[in-house]
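Each residue of the sequence shown is one higher than the one before, starting from 2 at the first, in my numbering.
It should be emphasised that the hints constitute simulated quantities derived from the structure, not laboratory data.
A quick note: this is a predicted structure, and the numbers were derived from the prediction, not measured.
Wrong hints could be hidden among the right ones.
Stated by the list, open to error - Have a look at the derived ranges for each label pair, beta carbon to beta carbon:
hint, residue 1, residue 2, range
1, K262, V133, 32 to 38 angstroms
2, R296, K167, 33 to 39 angstroms
3, D258, S157, 17 to 23 angstroms
4, K262, E102, 29 to 35 angstroms
5, P253, E213, 41 to 47 angstroms
6, K167, K55, 15 to 21 angstroms
To be verified - Derived pair list, reagent style EDC-like, types lysine to aspartate or glutamate, alpha-carbon separation capped at 20 angstroms:
hint, residue 1, residue 2
7, K167, D50
8, K267, E293
9, K297, E213
10, K108, E98
11, K105, D159
12, K195, E213
13, K176, D50
14, K114, E98
15, K181, D76
16, K55, D69
17, K122, E293
18, K181, D159
19, K262, E230
20, K194, D272
21, K167, D282
22, K146, D111
23, K297, D189
24, K78, E98
Using N, Cα and C, we set each Cβ at its ideal position, and we do this for glycine too.
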Amino acid sequence: MKTFAKLILKAAFAFVLLQGFKGLADDKNFTVVTSFYPVYISTMNIARDIRGVKVVNLTKPITGCLHDYQMTPDDMKTLSTASVFVVNGAGMEAFMEKATEARKDLKVIDASKGIELISEKTAHGDHFHESVNPHVWVSVSLAMKQVANIAEGLASADPANSEKYKYNAKAYLGKLEALKKKMHDALDGAKNKKIVTFHEAFPYFAKEFGFEIAAVIEREPGSEPNAKELAETIQIVRKSGIKVLFTEPQYPTRCADVISKETSAKVSILDPAVTGPMEADAYIRIMEGNLEALRKVLE
2 MKTFAKLILK AAFAFVLLQG FKGLADDKNF TVVTSFYPVY ISTMNIARDI
52 RGVKVVNLTK PITGCLHDYQ MTPDDMKTLS TASVFVVNGA GMEAFMEKAT
102 EARKDLKVID ASKGIELISE KTAHGDHFHE SVNPHVWVSV SLAMKQVANI
152 AEGLASADPA NSEKYKYNAK AYLGKLEALK KKMHDALDGA KNKKIVTFHE
202 AFPYFAKEFG FEIAAVIERE PGSEPNAKEL AETIQIVRKS GIKVLFTEPQ
252 YPTRCADVIS KETSAKVSIL DPAVTGPMEA DAYIRIMEGN LEALRKVLE
């Protein structure tokens with residue numbers, strides 16, 4: 002009986018000891034929380050294979066843009082574990098005030114720091130609201146600047162691993178540079194660069210590759226154009242001789258289909274990289290898909 006009691010005591014002690022070591026291991030983790038998909042992909046490339054560094058995305062991969070996103074209790078719980086919070090910035094994360102109120106000590110890395118932003122006016126009833134366009138990452142050149150900003154922020158927040166962040170960032174930037182060259186080689190000489198896009202996700206992309214966005218079908222996803230706005234877009238497409246309407250894989254093509262039927266313009270897809278597989282090369286593959294879509298319609 003005494004032997005059995007000793008065994009129980011030893012087992013209990015071993016369990017407590019194991020839990021203690023587990024707690025120590027958890028305490029050593031440097032947890033990087035990212036706000037949404039494109040920021041997550043960049044950050045996972047910068048932090049990949051670094052022992053003790055964990056990258057967690059706050060929102061679900063299918064969330065898309067965060068224009069009207071409201072934080073959930075689960076989000077707040079995730080944020081409570083963050084050593085640092087990486088955001089797109091430029092007004093994308095409208096919930097930032099709530100997040101920083103909950104965690105006043107939260108260190109935030111703004112991926113869009115120092116990037117020249119595009120201003121835009123959005124109709125709200127009988128007046129216009131001026132803001133900046135937050136879809137910075139859709140430009141490959143600006144996505145590279147975001148990677149550099151994130152790497153700098155992580156190196157500062159976690160100096161023990163600073164050289165590893167810089168090394169990984171350099172490797173990923175090399176891949177993005179190759180993507181950028183490939184896209185410019187294919188698109189810079191293209192003719193008839195007037196396009197119609199689904200929503201305001203592509204101004205930075207258009208600026209980099211010399212496209213003119215003649216019209217936007219839905220200023221905000223889910224806010225379908227009224228009959229007057231739809232008629233105006235149809236007129237623009239007819240007058241401009243635009244041959245293709247670009248929708249996004251995250252949303253229905255209903256409005257684009259109506260415009261296509263009235264103008265004979267084809268419907269194709271450009272992906273703003275706001276959803277997709279949680280894989281390191283996902284952004285590059287999405288942009289290569291966009292390049293192929295543009296090649297087909299610009300031939």
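> Which of the stated hints cannot be reconciled with the structure, identified by number in ascending sequence?
Replying inline: As far as the earlier hints go, 3, 4, 5, 15, 16, 17 and 18 are violated by this structure, in ascending order.
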